[in-house]
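Engineer: Residue strings, one per chain:
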Amino acid sequence: MSSSQWPLWEVFLQKKSGLPFEHAGNVHAPDKEIALQNARDVYSRRNEATCIWVVLSENIISSTPEDVSSFFDPANDKIYRHPNFYKTPGASFE
Amino acid sequence: MTEQEREKQFEAKIAGGQIIEAKDWMPERYRKQLIRIMSQHAHSEIVGMLPEGNWITRAPSLRRKAVLLAKVQDEAGHGLYIYSGTETLNVSRDELTNDLLSGKAKYSSIFNYPTLSWADMGSIGWLVDGAAIVNQTALAKCSYGPYARAMVRICKEENFHHKQGYEILATLMKGTKEQQAMAQDSVNRFWWPALMMFGPSDKDSPNTAELMRWKVKRYTNDDLRQRFIDRTIPQAENIGIKIPDVDLKWDEKTKHYQHGEINWEEFFNVIKGNGICNKERLQSRNDAHEKGTWVREAAEAYARKQSSKQVAA
Amino acid sequence: MTKSINELISEYALRIGDTSLILGQRLGEWCGHGPILEEDIALTNISLDLIGQSRAFLTYAGSLEEKKRTEDELAFFRDAREYKNTLLAEQPNGDFAQTILRQLFISTFQYYFFDKLKQSKDAMFAGLAEKSFKEVAYHVRHATEWTYRLGDGTKESNDKMKHALSELWRYTGDLFLMNETDKILIKEGIAVDLHEVKKDWEKKIREVFLQATLVFPEDNFMITGGILGNHTEYLGHILAEMQILPRSYPGAEW
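Protein sequence lines, in the order shown, are assigned to chains S, W and B.
Its first residue numbered 1, the first sequence is counted upward by one per residue in the numbering used here.
Its first residue numbered 1, the second sequence is counted upward by one per residue in the numbering used here.
Its first residue numbered 1, the third sequence is counted upward by one per residue in the numbering used here.
If we strip away everything but chain S, and leave its shape as in the complex, we get:
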């Protein structure tokens, strides 16, 4: 019988309904139910959550530092995507 460690799960918390989920940390757990319970006990002892996501860490696909220039730099010069790019003399858009 192995006594290797339980798999790693990443924990995301939603503080209040309406707010986005934020990464909180991780827990070890043998399965999804215990992962959820562990996440609840470790990361929401002070009312920090109204909903919890757990996901097996190995299932998260991340971009790498090498991707940075090709992924994100091309968005740098598209200033026309921002509203303050446009001149709208006199008119109110509030």
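Calculated directly from the structure, the hints in this document are not laboratory data.
There may be inaccurate statements among the hints.
[Stated by the list, open to error] Only pairs whose alpha carbons sit at most 30 Å apart, straight line, appear in this in silico DSS-like list of lysine-lysine:
1) W:309 - B:203
2) W:13 - S:78
3) W:309 - B:155
4) B:204 - S:32
5) B:68 - B:187
6) W:32 - W:141
7) W:106 - W:141
8) S:32 - B:68
9) S:15 - W:32
10) B:134 - S:15
[What the hints assert, rightly or not] Between beta-carbon pairs, the in silico distance windows are:
11) S:69 - W:268: 47 to 57 Å
12) S:77 - W:268: 36 to 46 Å
13) W:247 - B:229: 54 to 64 Å
14) W:167 - B:66: 30 to 40 Å
15) S:7 - W:31: 18 to 28 Å
16) W:31 - S:75: 52 to 62 Å
17) S:81 - W:25: 23 to 33 Å
18) S:75 - W:17: 34 to 44 Å
19) W:279 - B:213: 37 to 47 Å
20) B:253 - W:116: 18 to 28 Å
21) W:28 - S:75: 32 to 42 Å
The beta carbon of each residue, even a glycine, is placed where N, CA and C say it ideally should be.
Given chain S, work out where chains W and B should sit, using these hints.
Structural biologist: Using the frame of chain S, we list chains W and B on its own:
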């Protein structure tokens, strides 16, 4: 890019105040140093549960019992937050735990001192957590993102630990003669070990220069120790606790307290494993781990059965 | 001498508070020694809920007495014979299997008990039951999930559950013990009829055991007496440890 160029880029990044994230390139030595520091820190939280856990069943009121339980529980949580951060450096919690259990890894020597009276719950909260907060507030600005984020979370929670400890001592100092003596005796025992928590003086701390350049450490051991002393003395005076240091005096010129010589021989002795509770603490952790083995295996076996049932269905 | 209704309610509150306190105290022993860190935190969380419940119920019990004892006077200055907790609560933690099984038995009881106490005509009981019920619902979930894993995990874990069952089963009947106090308070719509709780409890435990591949014992021999102060020897030791400071320094504040 050559190794040297990468290293240059890395140093420039840190000098420019940028934060290093898990997947970023980093020199092997930076990674190693972080694993050492972070795992030591995590182990300290976990071993640190034991001296206080020793008094949970004997807490003198239900309120104190609840507070102490919540506090010791937080320490398990803090250990987990930091293990979680350490695992981003490609080392598993299993490896870290094994290093602790085998005695290879270090943890803060303060937890090798015994808790002999209820007042020790006060001293640990006030002095030990007080010192930890000074350390951790600095670490919350360290260059490694996962560590810094864990520290931010921990600092938020740690203030309650500090205050509840002070409250215990303040209550004792307002109490009977026996209670006052209990409080003073406890501070007498914990004051010097608390000062040692900041580590050896800078001239004897081989790692400091490198860690400062990498912004893992933001202040020297002596600076942090001084900060702790300056903020703690007025708190002691406020409740009539005497600090057991005959050389302690306020220096009007520097606006700092001067303190007496720290007994570094004792410090290195405890680190070497000769503290009163070294053996017991490690034994407790080993027992918990061994008694947990069948539980962890059972849960794994159950998970395997469930997923094969799902596949079959 | 007949007791006033307030005295009876006070006694009833003590039973509830004492069970939570003693079980919370037992779980507190795990802190720092759990089988895995995450589980250490989970057990402490349950302990904290229980201590919270005990404080509320003991405070209420004291407020209805002539002596007006505080939660701490009740917790720290009563002897074993005056404690009214259920016998299961004082049984030793044993290994993790025994702790989980004890928790399953008591939490499941509390779940159905508080669910019914929510309807109590005593407004304080109803309110406290509402809050406690939510906490206990999680305790049941936790204990149930672990019972599945230990029962249907490895041969070793199954053996340990069986052993725990043989240690604890004979105290389960004590959960449902009633006396004159219950009779009067049930008539007043204040207390819970434990016959009904027992039916729900058995049904649920049978379900959990089935999934956990454990055999529901048909052995009906039961040791009872918690509400009457007839305890096992363990309680005296729990209290000796728990009460040492307040009793060693009478009159001191902490």
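Engineer: All the hints need checking, so say for each whether the structure fits it.
Structural biologist: Hints versus structure:
no.: 1; hint: W:309 - B:203; in the structure: holds, 25 Å
no.: 2; hint: W:13 - S:78; in the structure: holds, 26 Å
no.: 3; hint: W:309 - B:155; in the structure: holds, 18 Å
no.: 4; hint: B:204 - S:32; in the structure: holds, 23 Å
no.: 5; hint: B:68 - B:187; in the structure: holds, 26 Å
no.: 6; hint: W:32 - W:141; in the structure: holds, 19 Å
no.: 7; hint: W:106 - W:141; in the structure: holds, 23 Å
no.: 8; hint: S:32 - B:68; in the structure: violated, 48 Å
no.: 9; hint: S:15 - W:32; in the structure: violated, 35 Å
no.: 10; hint: B:134 - S:15; in the structure: holds, 20 Å
no.: 11; hint: S:69 - W:268: 47 to 57 Å; in the structure: holds, 49 Å
no.: 12; hint: S:77 - W:268: 36 to 46 Å; in the structure: violated, 59 Å
no.: 13; hint: W:247 - B:229: 54 to 64 Å; in the structure: holds, 58 Å
no.: 14; hint: W:167 - B:66: 30 to 40 Å; in the structure: holds, 33 Å
no.: 15; hint: S:7 - W:31: 18 to 28 Å; in the structure: holds, 23 Å
no.: 16; hint: W:31 - S:75: 52 to 62 Å; in the structure: violated, 31 Å
no.: 17; hint: S:81 - W:25: 23 to 33 Å; in the structure: holds, 31 Å
no.: 18; hint: S:75 - W:17: 34 to 44 Å; in the structure: violated, 23 Å
no.: 19; hint: W:279 - B:213: 37 to 47 Å; in the structure: holds, 41 Å
no.: 20; hint: B:253 - W:116: 18 to 28 Å; in the structure: holds, 21 Å
no.: 21; hint: W:28 - S:75: 32 to 42 Å; in the structure: holds, 33 Å
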